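There are 2 protein chains.
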Amino acid sequence: MRTINVGIIGFGTVGGGTAEVLLAQVERITKRTGARIVLKSVLVRSKRQLPEDFKDVQVVVDPDLFFADPELDIIVELIGGIEPAKTYILQAIKAKKHVVTANKALLSECGMEIFEAAAKNGVEVGFEGSVAGGIPLIKTFKEGLATNKIKSILGILNGTGNYILSEMSEKGLPFKEVLQTAQELGYAEADPTYDVEGIDTAHKLAILMTIAYGMKIDPSQISTEGITDIEPIDINLAKEFGYRIKLLAISRNHGEHVEARVHPTLVPESHLLAAVNGPFNAVHIEGDMVGDILLYGPGAGKLATGSAVAADIVDITRNIIHGAENRVSSLSYLPEYIEPRAITPLAELECPFYFRFTTVDHPGVLATIAGILGRHGISIEAVIQKGYLDNGHVPIVIRTHTACEADVAKALAEIEALDITTAKTVKLRIFV
Amino acid sequence: MRTINVGIIGFGTVGGGTAEVLLAQVERITKRTGARIVLKSVLVRSKRQLPEDFKDVQVVVDPDLFFADPELDIIVELIGGIEPAKTYILQAIKAKKHVVTANKALLSECGMEIFEAAAKNGVEVGFEGSVAGGIPLIKTFKEGLATNKIKSILGILNGTGNYILSEMSEKGLPFKEVLQTAQELGYAEADPTYDVEGIDTAHKLAILMTIAYGMKIDPSQISTEGITDIEPIDINLAKEFGYRIKLLAISRNHGEHVEARVHPTLVPESHLLAAVNGPFNAVHIEGDMVGDILLYGPGAGKLATGSAVAADIVDITRNIIHGAENRVSSLSYLPEYIEPRAITPLAELECPFYFRFTTVDHPGVLATIAGILGRHGISIEAVIQKGYLDNGHVPIVIRTHTACEADVAKALAEIEALDITTAKTVKLRIFV
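For the record, the sequence lines run as chains A and B.
Numbering follows the working numbering, in which position 79 of the first sequence is assigned residue number 79; successive positions increment by one, without gaps.
Numbering follows the working numbering, in which position 72 of the second sequence is assigned residue number 72; successive positions increment by one, without gaps.
By construction, these hints were calculated from the structure, which means they are not laboratory data.
In this text, all values refer to a predicted model and were calculated from it rather than measured experimentally.
Hints are not guaranteed to be accurate.
Put simply, identical chains are the same to the list, so a pair is met inside one copy or across any two.
To be verified - Calculated cross-link-like contacts (lysine-lysine; reagent style DSS-like; alpha-carbon spacing at most 27 Å):
# : residue 1 : residue 2
1 : Lys386    : Lys55
2 : Lys239    : Lys171
3 : Lys171    : Lys40
4 : Lys40     : Lys239
5 : Lys142    : Lys302
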């Protein structure tokens with residue numbers, strides 16, 4: 001029986017989880033592939049003892065020694081971050097090892113360099129675990145929907161952010177309190193910036209757009225807003241309007257140019273994405289042939305992400321056995337067809353908006369705000385003004401008809417320049 | 001550039017849809033595979049003219065001539081039914097052609113014979129289009145979740161049935177009226193038996209169980225109940241209890257034995273499957289590593305199913321180009337590991353139940369029913385008795401705690417043997 005030797009860089013949560021999956025499923029994998037997958041070695045920073053189950057696995061601390069092992073077929077990078085992950089992956093590729101990684105930050109920032117090196121060296125780079133944890137999403141884009149022009153991608157791609165919004169919605173608690181609990185439970189990191197500011201979501205959207213459209217994109221091109229300004233009052237008023245607030249990655253394919261943005265969004269209750277709660281992820285995909293597809297599952301977690309990483313290992317194993325390396329191009333489209341494409345300027349986009357103004361308690365404030373919105377062509381669909389905040393200020397919530405981003409920006413700047421508002425205006429987009 | 005020649009048997013809805021997808025996506029497929037896929041010929045019953053877009057496609061009426069074409073790489077069977085589809089597929093396999101089919105009835109009834117013939121002749125059989133239309137479900141089981149023991153499958157697998165239940169729920173209309181409208185709109189066939197009696201769902205569940213568990217199963221082993229007895233009153237009372245009624249395919253993997261059944265089920269409102277409405281399909285999969293996954297999408301339709309069929313064609317094309325035919329075994333598990341497994345006897349299953357008795361309007365009827373249930377160890381959680389039917393009879397609705405199927409069967413037989421019930425008792429299972 002053919003043996004495929006795997007080396008893992010990093011033995012943290014996902015590294016350990018992947019090792020567990022490979023061990024637990026070793027017989028099943030043989031029944032499915034005819035091969036035996038063996039975890040041969042791990043590269044870690046300092047010598048340590050692995051759990052009893054992995055006592056036969058070599059623990060290596062010298063990267064050169066690790067990469068020089070001629071028996072390793074596949075090297076799995078699971079340390080995250082840009083360096084030394086990037087150097088390690090390039091070193092593995094140079095040593096003609098296939099690579100599997102779940103490193104979304106690295107792939108979204110330096111993916112092209114890595115994929116080009118892999119193509120030059122005839123090895124594969126699997127990255128199913130980099131987006132949406134255990135959901136077989138990358139394979140769906142690259143293979144299952146191969147005969148579709150992808151018209152749109154809507155995703156809840158960050159489990160931490162979705163957990164926080166779900167808890168705020170269910171328990172009526174403020175952002176900071178829920179974040180603290182999430183940190184205590186291990187759902188959020190000590191520095192939650194990437195998760196709550198939408199940066200992690202933007203990284204993942206960049207990866208999905210690359211394989212969906214066959215394009216180069218830098219995550220800095222993605223307009224990104226987080227969820228730190230959202231308060232329970234917004235969640236409750238959104239509910240009154242029939243919506244749930246979700247941090248969405250949104251991309252629409254207009255052919256010549258494509259939308260790419262991440263922001264909290266009011267999603268209609270009737271949409272399946274509105275029902276995705278807790279640390280789960282979901283992606284809604286519209287294909288020109290297939291229509292609407294949705295994939296839902298755990299966005300993170302030791303064994304869930306381990307399952308996705310192991311699926312890549314099985315995939316590459318099947319290719320090695322059949323001499324079919326790079327049977328599917330890493331980015332689905334062949335390298336010569338990957339092109340840069342224009343990103344639709346945010347200012348040109350149109351959608352209905354939700355505004356929450358915090359104002360002084362003077363007569364005529366609503367009239368002033370409504371007047372300014374009107375002069376910028378922004379038509380009001382509903383207004384809610386009730387009660388006072390603890391500090392005596394007044395929240396005025398306005399839901400608009402479809403309006404243009406550029407007009408909204410101008411109107412809000414004009415309103416905030418007056419001395420009638422006393423806090424930053426909350427501006428949320430409504431999904432239609 | 002390598003050309004892959006495709007022949008399609010049948011040019012009806014799905015056959016025409018597949019042809020449309022291949023034509024619309026020809027450039028995209030080349031960008032993804034480096035090959036050109038050409039629809040070379042179609043086999044139809046009688047000479048006919050194809051639409052203008054397909055004027056270069058050969059129209060063949062002689063099967064022997066069609067299968068003898070040495071240039072055909074892949075033959076796609078899209079006529080449905082057992083014969084002549086089976087003979088044609090076996091003929092194609094004998095001629096060493098790869099086969100793609102969306103024929104769930106044939107695969108669930110005679111799949112093993114077909115897959116064995118394919119293995120013997122070294123060709124592939126793709127069947128992504130056979131279950132859940134456009135959803136890339138088969139690939140998810142065979143590849144994306146390859147490193148998981150599948151613990152359970154819960155599926156809404158019949159678009160017609162789900163459309164009818166959704167319309168009944170939304171509009172409060174009786175089954176027969178909704179069915180008639182569905183037939184007029186083309187959502188249901190003139191003979192709807194397969195769809196509304198759960199037979200089509202059982203066929204699809206058999207296919208999914210085969211690839212999920214690596215087992216042989218005959219659809220006749222699947223306990224199957226349809227939706228024809230469900231009335232608006234059941235849908236409304238289920239709603240009062242916090243449930244939606246869905247026709248579910250259910251399988252749970254107990255290792256030595258596996259559950260396999262199709263029946264209308266009360267699904268809690270909070271479950272994503274409860275939100276799947278209209279002609280859509282969805283499958284909830286629990287893997288031992290990944291946890292809970294759900295896939296949602298169009299269960300049927302010309303281009304949606306065409307997208308799935310075309311994905312199989314692309315998959316096989318990628319294998320042909322790389323000399324990697326049968327890179328993934330047709331049933332995911334290698335043929336030598338496919339085994340028969342015991343089906344859990346229905347009588348042993350346990351779940352909460354919903355009963356609607358139609359009774360005469362006499363004192364003591366509820367006491368009699370409750371007494372019989374109690375003697376069989378069936379504990380009542382809630383009772384609703386209100387009003388009269390048009391005919392003066394009384395509906396009594398009971399929701400039970402978890403009860404055993406065997407006890408329920410005995411209790412209902414005893415109750416129905418008395419002259420207090422005036423119509424067949426509606427018995428629905430509640431999903432927990």
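Taking the hints in turn, this is what the structure says about them:
no., hint, verdict
1, Lys386 with Lys55, "neither (65 Å within a copy, 67 Å between copies)"
2, Lys239 with Lys171, "both (14 Å within a copy, 25 Å between copies)"
3, Lys171 with Lys40, "neither (47 Å within a copy, 61 Å between copies)"
4, Lys40 with Lys239, "neither (53 Å within a copy, 55 Å between copies)"
5, Lys142 with Lys302, "both (24 Å within a copy, 22 Å between copies)"
When the structure is compared with the earlier hints, violations turn up for hints 1, 3 and 4 and for no others.
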